[in-house]
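The whole structure should be built from the sequences, with the hints applied where relevant.
Okay, here's what each chain looks like letter by letter:
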Amino acid sequence: MSETKRGNALARGYERITRSTLGAYQTAVVRIGVAATWLGFLLREWPNRHELYGPEGPLSSDLATQLLQEDAAFTVLLWSDTGWWFELCYVFAILASLALLLGWRTRTASVLFMIGVLSVQNRNGFIDDGGDNVLHLMAIYLVFARCGERFSLDAVFRRREGRDVPGVLLWSLVALTVLTAWAFGVLGGGWLLIFTGLLAVHAVWWIVDRFTGGEPRAVCDMATNLVHNGAVLVIIVQVCVLYASAGWYKIEGTRWQDGTAAYYPLQVDVFTPWPALSDAVSAYGLPILLMTYGTVIMQVAFPFTLFNRRIKNVVLACLIAEHIGIAILLGLPFFSLAIISADLIFLPTSLLRRVEARVGGWFGPLGPRRRGADAPGVSDDAAATDDGAPTTPTTSTEALDRV
Amino acid sequence: MESESQPTGEHAGLSRRARALVAVVAGAVAAAVVVHLGMVFFYVAPSNVVSERYATEIYDYMSPELVQDWRLFAPEPLHVNRSLHARARVKTDAGMVSSEWIDLTAIDVDGTRGHLLPSHTRNPLRKGWSTFLETHNADYEATSTTGLIVATYLKRVALMRMQHRIDGEITEVQLRSAARDVPEPAWSDLTTSDDVSYTVLPWWPVSEHDFPEATR
Chain A
26 MSETKRGNAL ARGYERITRS TLGAYQTAVV RIGVAATWLG FLLREWPNRH ELYGPEGPLS
86 SDLATQLLQE DAAFTVLLWS DTGWWFELCY VFAILASLAL LLGWRTRTAS VLFMIGVLSV
146 QNRNGFIDDG GDNVLHLMAI YLVFARCGER FSLDAVFRRR EGRDVPGVLL WSLVALTVLT
206 AWAFGVLGGG WLLIFTGLLA VHAVWWIVDR FTGGEPRAVC DMATNLVHNG AVLVIIVQVC
266 VLYASAGWYK IEGTRWQDGT AAYYPLQVDV FTPWPALSDA VSAYGLPILL MTYGTVIMQV
326 AFPFTLFNRR IKNVVLACLI AEHIGIAILL GLPFFSLAII SADLIFLPTS LLRRVEARVG
386 GWFGPLGPRR RGADAPGVSD DAAATDDGAP TTPTTSTEAL DRV
Chain B
26 MESESQPTGE HAGLSRRARA LVAVVAGAVA AAVVVHLGMV FFYVAPSNVV SERYATEIYD
86 YMSPELVQDW RLFAPEPLHV NRSLHARARV KTDAGMVSSE WIDLTAIDVD GTRGHLLPSH
146 TRNPLRKGWS TFLETHNADY EATSTTGLIV ATYLKRVALM RMQHRIDGEI TEVQLRSAAR
206 DVPEPAWSDL TTSDDVSYTV LPWWPVSEHD FPEATR
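If you read the protein sequences in the order shown, they are chains A and B. For the first sequence, our numbering begins at 26 and goes up steadily by one. For the second sequence, our numbering begins at 26 and goes up steadily by one.
No lab work stands behind these hints: they were computed from the structure. Misleading hints may appear alongside valid ones.
[Stated by the list, open to error] With a Cα cut of at most 16 Å, we get these calculated EDC-like pairs of lysine to aspartate or glutamate:
#, chain 1, residue 1, chain 2, residue 2
1, B, K116, B, D220
2, B, K152, A, D153
3, B, K152, B, D94
4, B, K152, A, D154
5, B, K116, B, E194
6, A, K30, A, E40
7, B, K152, A, D294
8, B, K116, B, E238
9, B, K116, B, D164
Here it is as structure tokens:
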């Protein structure tokens with residue numbers, strides 16, 4: 026009896042991970058947070074871009090090339106050491122962030138975004154901080170997630186089957202770029218394989234959408250769900266590893282043990298944008314003790330709080346509040362925003378649904394409606410018929426940028 | 026986590042072959058997730074029997090794009106105020122003269138004070154210095170290629186920041202770090218010395234190629 030029960034539970038679990046996009050709201054807000062943080066960073070550093078990442082900066086193209094021979098990190102910035110190429114890539118990184126932020130052709134945008142993040146960060150490995158590290162990893166993980174199903178332009182302008190001319194053009198443009206880079210000998214090895222594979226996946230999706238439908242399409246959908254759900258799990262565990270190791274390594278330090286650790290950074294010149302405020306915060310022993318111990322307790326405890334929804338939400342709120350404090354007090358806004366963005370994977374769905382309802386009121390329907398749930402969904406199908414498009418019985422969800 | 030319900034009608038009644046294909050994908054994804062998370066865990070965890078046994082495999086998997094380090098303010102928080110200073114040997118009509126020490130970090134402090142969004146430009150000196158120490162021996166000789174590169178990088182950052190304050194042709198440059206411990210908190214029994222401890226690097230030769238064109 027209990028064995029059949031367990032079998033049923035397993036079957037239901039399998040059903041869920043193959044047929045649904047778990048955490049669709051959460052991956053969407055992580056996408057928005059990560060893209061907005063990186064976009065903000067790129068715009069903030071616009072006046073300093075040459076000094077930090079440019080071919081004529083202190084880390085010249087020559088030095089950066091030598092450095093990359095050490096670890097073979099990916100960057101398109103070194104494909105040419107000309108000034109215009111650098112400007113082009115920097116602007117490209119900005120536009121890719123904007124596209125991902127808005128959820129415009131999210132699956133393609135996420136790949137372009139990753140190229141932008143990796144290219145800029147890997148161009149100068151001497152200046153990145155923990156926030157860059159988070160963005161780097163999230164940029165990679167988001168490529169595998171269906172992070173455009175909510176709060177995105179894709180969800181607003183659901184595309185219809187079969188007549189996706191801009192999509193085909195975009196695909197061709199990317200394919201041509203990859204081909205050109207390969208021909209010039211600047212792209213090869215693992216990354217060539219990865220980009221070719223991603224292009225192939227998009228092509229397969231286009232074919233099953235346009236020509237086959239039915240079972241091949243269903244299999245693609247399920248495979249995509251599986252990959253998405255795997256990515257969600259990876260993001261969750263990654264954030265837990267981040268907090269757990271940040272907490273456990275602190276325990277070794279004498280200043281974390283005696284409860285004074287929070288005091289010191291508030292007295293370091295390059296981390297005190299507001300010295301008077303820092304002095305006020307670090308003036309008394311008890312608040313510093315609470316901050317110091319509180320930080321360690323929350324970071325170490327965080328992974329375990331996931332088993333209790335209510336405690337998890339409280340700790341999550343505290344961690345986010347702490348990072349807002351760090352952003353202002355220590356002058357680490359992009360570091361804090363990056364970590365908060367990753368934290369968003371743990372936001373409760375009920376909250377995000379309320380946000381959606383609120384936002385939806387301003388901008389019209391954001392996010393796909395469930396099949397047959399409401400009239401507009403039906404009228405979309407009707408419009409498709411008017412256009413003479415194939416009248417496959419599609420749902421709004423299927424019509425998303427869906428790979 | 027809430028699921029987005031997907032249409033089941035179209036999916037229902039998949040053929041045996043389709044179900045097998047989905048199962049293969051499920052297996053592959055599961056394996057990839059387990060391997061990835063295992064690698065991340067053992068990369069981040071302190072050295073242990075597994076991470077030592079598979080050090081090469083773990084490093085090859087994580088490097089370069091998945092490397093991560095979450096020892097944020099740990100095990101000890103930042104507790105030193107460090108400034109990098111530089112001075113130059115300059116060719117003048119009167120012969121070679123040495124300039125005064127110039128505080129290069131002052132620019133970073135200025136760029137932080139009163140700013141809501143401080144720039145990454147405060148990272149090259151701070152992070153570059155710690156990378157420099159990690160990649161050099163006690164005689165300040167580079168122990169790796171990265172060491173050679175970071176030394177050149179530091180030199181170029183220094184020249185970029187000081188060239189407008191020096192008249193004449195710079196032929197050599199010297200860096201030093203001036204470090205002072207943050208005073209212990211008022212309520213603490215501990216005391217630290219208020220002295221500045223200097224770490225002075227050897228003179229480095231400068232050529233015209235060492236000046237970055239992207240100056241601030």
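Comparing the hints with the structure gives:
no., hint, result
1, B:K116 / B:D220, "34 Å, violated"
2, B:K152 / A:D153, "8 Å, holds"
3, B:K152 / B:D94, "14 Å, holds"
4, B:K152 / A:D154, "9 Å, holds"
5, B:K116 / B:E194, "5 Å, holds"
6, A:K30 / A:E40, "15 Å, holds"
7, B:K152 / A:D294, "15 Å, holds"
8, B:K116 / B:E238, "21 Å, violated"
9, B:K116 / B:D164, "27 Å, violated"
Of the numbered hints stated above, those contradicted by the structure are hints 1, 8 and 9, listed in ascending order.
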